[in-house]
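*Asks:* Sequence:
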Amino acid sequence: MTVKYYLVLISLLFSLSVQASPISDLKLVGQARLSLWVWDIYDSSLYTADGTYQPERFPQVLKIRYLRDIKAQELLETTAEQWQKLGLWSSQSQGWLDQLASLWPDIKRGDTLELEVKPDKTSVFYFNGEELGRIQAPDFADSFLAIWLSENTEYPKVREQLIGRVKT
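Positions -20 to -1, 1 to 148 (mature numbering (1 follows the signal peptide of the UniProt record, and there is no 0)) are the ones given, in order, by the sequence shown.
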């Protein structure tokens, strides 16, 4: 075998191992840090096709980089609490939480979770750049994004920064 053959084989193997980022073709809308008292919890970023936030225009990607360790169970409980506070708890919610429980790992400081909502409202979760799985329910995408993007969110300053109204 020739050197050229090995170089082609190596480049092919390398290209297969590189993950495509769900934000590679999108533009940053805004970013925010969630801090509670003296603890920094995470940095979040919102991306869209044109870099502006329009609630019903997709794709959208919400990227969260965690600044502390968090157990998957804690993420699930917080998600349920937020849906309840927003009045979004429905007959489907427990099923969605069960799906998330099968997807989400425990988080270590520096890990990222990304939610890509495609134009058909399929939700795709990524952990540190690798796809975790999909939820094919359009209502899930709306309910999950509402935790950060609803006008009634528990953290309005984070929302304002994410949707680009307030620069960080």
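Rather than coming from a laboratory, the hints here were simulated on the basis of the structure. Where hints are given, some of them may not hold.
Stated by the list, open to error - DSS-like cross-link-like pairs, simulated, lysine-lysine; straight-line CA separation at most 25 Å:
(1) 51 x 7
(2) 98 x 7
(3) 7 x 147
(4) 88 x 51
(5) 147 x 137
(6) 65 x 7
(7) 88 x 101
(8) 101 x 7
(9) 51 x 147
*Asks:* For each hint, tell me whether it holds in the structure or not.
*Replies:* Verification of the hints:
For a cut-off of 25 Å, the pair hint linking residue 51 to residue 7 is broken: about 30 Å separates their Cα positions. Taking the CA atoms of residue 98 and residue 7, the gap is about 15 Å. The hint holds against a cut of 25 Å. Restraint check for residue 7 and residue 147: satisfied, since their Cα atoms lie roughly 15 Å apart, inside the 25 Å limit. Taken as a hint, the residue 88 and residue 51 pair is honoured in the structure, with Cα atoms around 8 Å apart against an allowance of 25 Å.
A C-alpha spacing of about 10 Å is found between residue 147 and residue 137, which places the hinted pair at or below 25 Å, so the restraint holds. Taking the CA atoms of residue 65 and residue 7, the gap is about 30 Å. The hint is violated against a cut of 25 Å. With a C-alpha separation of about 28 Å, the suggested pair residue 88 and residue 101 falls outside the 25 Å cut-off, and the hint is violated. Restraint check for residue 101 and residue 7: satisfied, since their Cα atoms lie roughly 19 Å apart, inside the 25 Å limit.
Simply put, residue 51 and residue 147 have alpha-carbon atoms about 30 Å apart, too far for the 25 Å limit, and the pair is violated.
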